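*Asks:* Since chain H is already given, all that's left is putting chain B on it; use the hints.
As they're listed, the protein sequences go chains H and B.
Taken in order, the first sequence gives residues 1 to 255; the numbers are from my numbering.
Taken in order, the second sequence gives residues 1 to 175; the numbers are from my numbering.
To be clear, the hints were calculated from the coordinates, so they are not data collected in a lab.
All figures in this text were calculated on a predicted structure; none of them were measured in a lab.
Just to be clear, a hint being listed does not mean it is correct.
Claimed, not checked - With a cut-off of at most 30 Å between alpha-carbon atoms, the simulated BS3-like pairs for lysine-lysine come out as follows:
| # | chain 1 | residue 1 | chain 2 | residue 2 |
| --- | --- | --- | --- | --- |
| 1 | H | K132 | B | K48 |
| 2 | H | K132 | B | K144 |
| 3 | B | K144 | H | K137 |
| 4 | B | K160 | H | K132 |
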Amino acid sequence: MSTTRHLVNRQRRLAHAGAARAAATETPPERGKRSSNASKGVNSLKSKAGSEVRAPSLSAGTRSASLRAATERSLGVLRRRVSVLAPVVLCLLVVLLGAFGALAATRADSLRSDPAARNAALTDPARTSEVKGQTAKAVAALFSYNYADTAPADKAVSTLLTGRAVQQHRDMLAAVRAQAKDQKLVLTTTVTESGVEMIDGSRARVLVYADQSSTRTAGKKPETTYAAAMFTVDMVRGSGATWQISGIDTFGQGS
Amino acid sequence: MARMTIQPLLIAAMVLTLLAGGFAVWAGWSWYGAAHDGSAAYAASRDKVLAAGEQAVQNLSTLDHKDLAHGLDMWQDSTTGDLHQQLANGRSEFEKQVQQAQTVTTAKVLDGAVTELDDRAGRARVMVALRITVQAPKEKPAAKDSRMLGELTRTPAGWKLSALGQAPVGNSAAN
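Bound conformation, chain H alone (with noise of 0.2 Å):
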C-alpha cells in the first residue's frame, strides 16, 4: 500500500510540475520514464509502472487495480489543470498581442498624421512644381495690368481669385488702375523666385519673389521704374485642377 500511494503521490507532483509538457502525455508509461531519472528508488517505480501499463491483468491484482483508478484520477486533474490553464496562458496572450497592436497603431498613426510627414511640399515633385507653376502663372497675371488692354487683368481677377484674396487684389490694385489711363501705365509683374512652403492636400502656401516694372508712356519720354516684392500666397484648388489664390500675405507692406 505504501507504495502505490508513493507512487500516486509521485504522480501528482509530477503533474504539478509538468503541467505544461502534460498536454502532450496521454499515457502514463512515457511520463514513468521520463521522470526515471528524478530520485533513488526510481527502478522499483519504474518497473511498476511499466508492467502496470504493458501487462495490466495478470500478476499485479488488486494492488494493480487500485493503482490504475489512481492513475486514471491524477490524469483527471492533470487534464482538468491543463484545461484551466491553457485559457489563461492564451488569454494572457491576446492581452500581450493587444497591447502590441494598439502601441503599433498608434505609433503608426501618429507618424503619418505628422504635420511635417502630411506636408507633400517638395516630397511630391509633380504636385510641387505644378503649384510653382500654376502660382508664377496666377501672380504675373493679376499684377500686370496695361491700360490700353484690361480685359486680361479683369479674366485674370475673375478666375484665379478667391475668398478673401479677392478684396486684398482689390486694394492692392486701386491706385494702379485709378492712375493708368492718365499715366498710360503699364505694370508688368514677374515671379522671379518661388518655394512652395506646404502642400496639404488641396490647399498650399508659396512664397513669392517677385520684380515689378511699371512704364509710364504718358510724359514725353517714357519712364519705367522696377520694383522688389515678396509675399506669400495661399492656394486653392479648385474644380479642373486649376489652383486659385485665396489669401496675400506682404507681411506688413504694401505691395
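*Replies:* The following block gives chain B in isolation, referenced to the frame of chain H:
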C-alpha cells in the same frame, strides 16, 4: 465531464489569440512602414533644413556693436565652406566698421521656404523673407525687407549656410 464545459472556452481563447496575433502583425507592419517611409524622412529633413536655414540667415543679419565677438562667432558658427571662409577673412575689417558705426542690427524672419533639397548630397537652397532693422546712434531705427536666397550644406554639426545673397532686382528677371 469538466472537459465538455472547458473545451468551448479553449476554442474561444484560441480564436481570440489568433485575432490578436493578426492585429499585432498588421499594426507592427504598419508601424514599420510608417517609420521607414522614405518620403517622411525626406519631409523631416526638409523641415530641418528650413529651420536651420531660417536660423542661420537670422544669425547672419543680427549684430550688436556692443557684443561683436559673440555676434561674429555666431556668424561663423552658422556657416561653412566659402561663406565661412569669407567671413573669417573679413572679420577684423568688419569689426572695425561696425565699431565705428555703432549699429545694432536685428532681423526678423517673415517667412521661408525650401526650394531645393538633395538629401543624399547634403545640399539645399532656401528662400528667406527677412525684415532687417538697423539702429544707428541718434537715429530712428530703419527697417528694410530683404529677399534672401541661401544655400545650405550638411556638415557633421548640422545644416549650415554655404552661400547667402539677396535675390537680384530689376530687368535681370528671366523666367
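*Asks:* If a hint holds in the structure, say so; if it does not, say that too.
*Replies:* Now for the hints, and whether the structure bears them out:
In summary, the hint linking K132/H to K48/B is supported, as the alpha carbons are separated by about 21 Å, within the 30 Å threshold. About 26 Å separates the Cα atoms of K132/H and K144/B, which keeps this hinted pair within 30 Å; it holds. Proposed proximity of K144/B and K137/H is supported: the alpha carbons are some 27 Å apart, at most 30 Å. Proposed proximity of K160/B and K132/H is supported: the alpha carbons are some 26 Å apart, at most 30 Å.
Going down the numbered hints, you'll see the structure goes against none, and every one checks out.
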